[in-house]
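There are 2 protein chains.
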Amino acid sequence: MTIQQPYVLFLGDAPDPLAAKVAQGIKDWRPGISVGQITLPGCKADMGLNNISVNEAVSLGAKTLVIGVANRGGLISSKWMEVLKEAIISGLDIASGLHNLLRDEKELVDLSKSNNTQLIDVRVPTINYPIANGKKRKGMRCLAVGTDCSIGKMYTAIALEKEMSNMGLKASFRATGQTGILITGNGVPLDAVIADFMAGSIEYLTPDNDDDHWDIIEGQGSLFHPSYSGVTMALIHGGQPDALILCHEPTREHMRGLPEYSLPSLKELENMALKMAKVVNNNARVVGVSINTSSMKKDEAMEYLSKVEKEMKLPTVDPVFTGTKRLAEELANF
Amino acid sequence: MTIQQPYVLFLGDAPDPLAAKVAQGIKDWRPGISVGQITLPGCKADMGLNNISVNEAVSLGAKTLVIGVANRGGLISSKWMEVLKEAIISGLDIASGLHNLLRDEKELVDLSKSNNTQLIDVRVPTINYPIANGKKRKGMRCLAVGTDCSIGKMYTAIALEKEMSNMGLKASFRATGQTGILITGNGVPLDAVIADFMAGSIEYLTPDNDDDHWDIIEGQGSLFHPSYSGVTMALIHGGQPDALILCHEPTREHMRGLPEYSLPSLKELENMALKMAKVVNNNARVVGVSINTSSMKKDEAMEYLSKVEKEMKLPTVDPVFTGTKRLAEELANF
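Going down the list, the sequences are from chains W and D. Quick note on my numbering: the first sequence kicks off at 1 and runs consecutively. Quick note on my numbering: the second sequence kicks off at 335 and runs consecutively.
Note that these hints are calculated values from the structure, not bench results. Take the hints with a grain of salt, since some may be wrong.
Sample of chain W residues facing chain D (criterion: CB under 7 angstroms; computed from the structure) [unchecked claim]:
| hint | residue |
| --- | --- |
| 1 | 93 |
| 2 | 127 |
| 3 | 131 |
| 4 | 192 |
| 5 | 193 |
| 6 | 204 |
| 7 | 227 |
| 8 | 229 |
| 9 | 231 |
| 10 | 233 |
| 11 | 258 |
All of these numbers come straight from a predicted model, not from anything done at the bench. Think of the CB as a built atom: it goes at the ideal place given N, C-alpha and C, for glycine as much as any other residue.
Isolated chain W, as found in the complex (with noise of 0.2 angstroms):
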């Protein structure tokens, strides 16, 4: 699966920025990689890029309408259409996250078909992974893991790249959900793969590299989430980590969706992962905790990174509030 750039962002008629993440998560991680914005009519979300027509974006190199918005219950809006009718028409292919696939659009598949351009599902496997062989592989892999899910793994993932590669380090962000796909142009959509087939799409995704190289790879789920916790096993054992990062957010009062169950403890998140990554690398360790204080005040978060540091005894940072220099230290003399 791999979404060729540059890219336009669909903006579409978002009602508010957070309606348009997807966007701005593209704008914020691969600043270089889109030529402008589409908007609707009253769209609330700017992305600070040129706002072009589809005639625009074709002349300016695009390769790929990314739709970076999305409705609630993630439907293909009437009001897109039309856009999306020309873009296809223009020769852009169409890349999409949302729920309601484009696949399923009629109008959509027929035109793509004609004009030869692709509508790029990613949320739905496209390719036959293979069964985990857990051989060892070359090179280095870092994988965030949490105390429960969409608690800043991604975000985590993605930050820790960008200073590696701002350091000089070999470092590859790793997307295994729909929203980091869309970000770096490729991924596995690990929620969606089949059960047998799990692990050995992290191994296909995280292949041998250079001695030197660090796959940092994007967490999903958690060990102690009910929902989930099966992604996350397969996560530890498919992606083999060196270095684990954990991952929370200490104002979340239960795990989420499920009101009856509690966050476990950092400890207990430290000691479940490590012995599962264990069981394929010998040599796993946690590097790092990542915290994410956004509920918080400053001088609050500050205490608490401090408090946790202390207690785990390993740098402990906030991507946004201290970045992650710390832990790409880390990682560098690991």
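Chain W is fixed; fit chain D onto it per the hints.
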């Protein structure tokens, strides 16, 4: 996915008894549900049932022809087609766990449509399973977990169901693999379920039940098998087991299919499985050990069972050699 009973067992041209092990399982564990067997010239397997024709099967009340034989590669042999077509024309459903799907055989599909019969590929989920909600359900659940794949988990579970039924206890074997599904007529083909829905499919399989009813859930994979550990994890968190049984085969030299990986000890399995089970069920405990001693001499086996029993301080059985009565008693007195 429910397969109509009674069955007629199709043994085809099975070159040896092992090739018909699915039929053998059905015969052994559900002795009453097959009206007879259908063989082709050269068949070397025999379930001890009457050899009958398709017509006789229908007049004896059969509802489904079950393909109880497997070829190398899981193909549907051209030699079988005549009988399969005759069965469909006579109004029988066909059920198969083969890799080569019935639904991919156009001739069979067309015929089953015009005769209004079902082609049931038990490898393929037909239900949109929910995402697991982690809510506590009524009734009791027991899960067999293993130090490796293919180590006796299904056998242990189904033998335990039989033992408990004989003792007048309420117990249901819950199938999670092809053979188990064909034996019981329903279940979840867990290895083919999409990642996000794995745990939810097991919640679906083991719903609320009587307070004194035990679901005996068929295990899959192993927490320590890098290719399939995610599937095992989903079983533990979806199944919310009250009781765990540890399964092991003492002569296995490495993890199945992975020469680089050695098996964990029973103690390691106990610690890990129990810790993960307690995430969803704080009352979970390990109630016994089930050893497959089929590769050992009788004396050696007895000695091994008693050694494990001492070390683990848990009732230790071989379901074939000693039976599962002691495990059933543990559940009765849970």
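Against the structure, the hints:
1. Annotation: interface hint on residue 93(W) violated; nearest CB of chain D at approximately 25 angstroms, more than 7 angstroms.
2. With 7 angstroms as the threshold, the beta carbon of residue 127(W) stays out of range of chain D, its nearest partner Cβ sitting at about 15 angstroms, so the hint is violated.
3. Interface hint at residue 131(W): satisfied, since its Cβ lies 5 angstroms from the closest Cβ of chain D, which is below the 7 angstroms cut-off.
4. Taken as an interface hint, residue 192(W) checks out: its beta carbon lies about 6 angstroms from the nearest beta carbon of chain D, inside 7 angstroms.
5. The restraint placing residue 193(W) at the interface with chain D holds, with a minimum CB-CB distance near 5 angstroms, inside the 7 angstroms limit.
6. Checking residue 204(W) against chain D by beta carbon gives a least distance of about 13 angstroms; that is not within 7 angstroms, so the hint is violated.
7. For residue 227(W), the interface hint holds, since its Cβ comes within 7 angstroms of a Cβ in chain D; the closest pair sits about 4 angstroms apart.
8. At a threshold of 7 angstroms, the smallest CB-CB gap from residue 229(W) to chain D is about 5 angstroms, leaving the interface hint in force.
9. Interface hint status for residue 231(W): upheld, as the beta-carbon distance to the closest one in chain D is roughly 5 angstroms, under 7 angstroms.
10. Because the smallest distance between the Cβ of residue 233(W) and any Cβ of chain D comes to about 4 angstroms, under 7 angstroms, the interface hint for this residue holds.
11. For residue 258(W), the shortest C-beta to C-beta distance to chain D is roughly 5 angstroms, which falls under 7 angstroms, so the interface hint holds.
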